[in-house]
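Colleague: Sequence:
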Amino acid sequence: MSSKYNKYMSLAGVNFSNLSVDELRALASNILTEKIHGISFSPYVEVQGPGTQIEAEQISERLNIIKPNINWVRSFSCTEGNEKIPAISKANGLNTMVGVWLDSDLENNEKELANAICAATEGHVDILAVGNEVLLRGDLSEEQLLDYINRAKQALPNVEVGYVDAYFEFEDYPRIADACDVILANCYPFWEGCSADYALLYMKDMYRRAVKAGKGKRVIITETGWPNVGTAERGAEPSYENALKYFINTYLWAEEDGIEIFYFSSFDETWKVADEGDVGAYWGLWDKDGKMKYV
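So the sequence shown is residues 4 to 298, counted in my numbering.
Hints are computed from structural coordinates only; laboratory data are not their basis.
Among these hints, one or two may not hold up.
To be verified - List time: in silico EDC-like cross-link candidates among lysine to aspartate or glutamate, alpha-carbon distance up to 20 Å:
1. Lys218 to Glu236
2. Lys275 to Asp260
3. Lys93 to Glu163
4. Lys38 to Glu195
5. Lys93 to Glu60
6. Lys93 to Glu64
7. Lys275 to Glu195
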């Protein structure tokens, strides 16, 4: 995929000054045609979001849009119908990283964990992600999170179990890193205000820090991406070209260095605006209607 672009590559990525927007789109199309490693998947359509009960038919419809271009799908929850995602993904020939959504609702956490363990015992889970940015949000204590991770590992001795958080949290919580079979690190140069010109270098350093915190364990980048519309985050500017270039750099690097990366995200989702501002709605490789944005 990337061999003919090696002449453009450096530590900072492709020298995009040599490429037109049409050439960038063609390269992104080639990358997607050959399939990216994985994608963060939410099945919601417009006016839906967390709290919406999702039906199997809708999950299948949304997966059918993206499955030709991915090898793995990452889900975030095992309640409200999301517990159906693992089996449907497997039926569509996809590998699965299945998320257990944990927060301060301890009763719902038990439902999440029980449903995830059920999906795994049925053979639908390749990697189990117990919690997503729980420490970053401050929803649970380190001891509470360790208990959930260890319970999952005890119930599923033949399934890789990890925890997803910002890369630096594994430095700050070494006991969490030690408890994980695999380090699942979210890496967002955008949210740290990094200019698009230096974003790949910044992500490489994020990855390096997660590798060091993992003490030799495998590290997967579970989220990274760039919005194409919205308000700048300090030096990080959302735009169509910046999002396109970031996607290309991400996957040329992933191929070059053998990095497993789940891109964020599958579809644009309006509900995210409430938590993330106007950029929250524009992280998808596909728009809200299921049209691929960068080809």
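Colleague: Hint by hint, note whether the structure agrees.
Modeller: Hint check:
Only pairs whose Cα atoms come within 20 Å are accepted, and Lys218 paired with Glu236 is rejected, the gap being roughly 32 Å. Using a Cα cut-off of 20 Å, the hinted pair Lys275 and Asp260 is violated, with the two alpha carbons roughly 32 Å apart. Distance check on the hinted pair: Lys93 and Glu163 sit about 17 Å apart at the alpha-carbon level, within 20 Å; holds. With a C-alpha separation of about 28 Å, the suggested pairing of Lys38 with Glu195 is violated against the 20 Å cut-off.
A hinted pair counts as satisfied when its Cα atoms are at most 20 Å apart, and Lys93 with Glu60 qualifies at roughly 15 Å. With a C-alpha separation of about 14 Å, the suggested pairing of Lys93 with Glu64 holds against the 20 Å cut-off. About 18 Å separates the Cα atoms of Lys275 and Glu195, which keeps this hinted pair within 20 Å; it holds.
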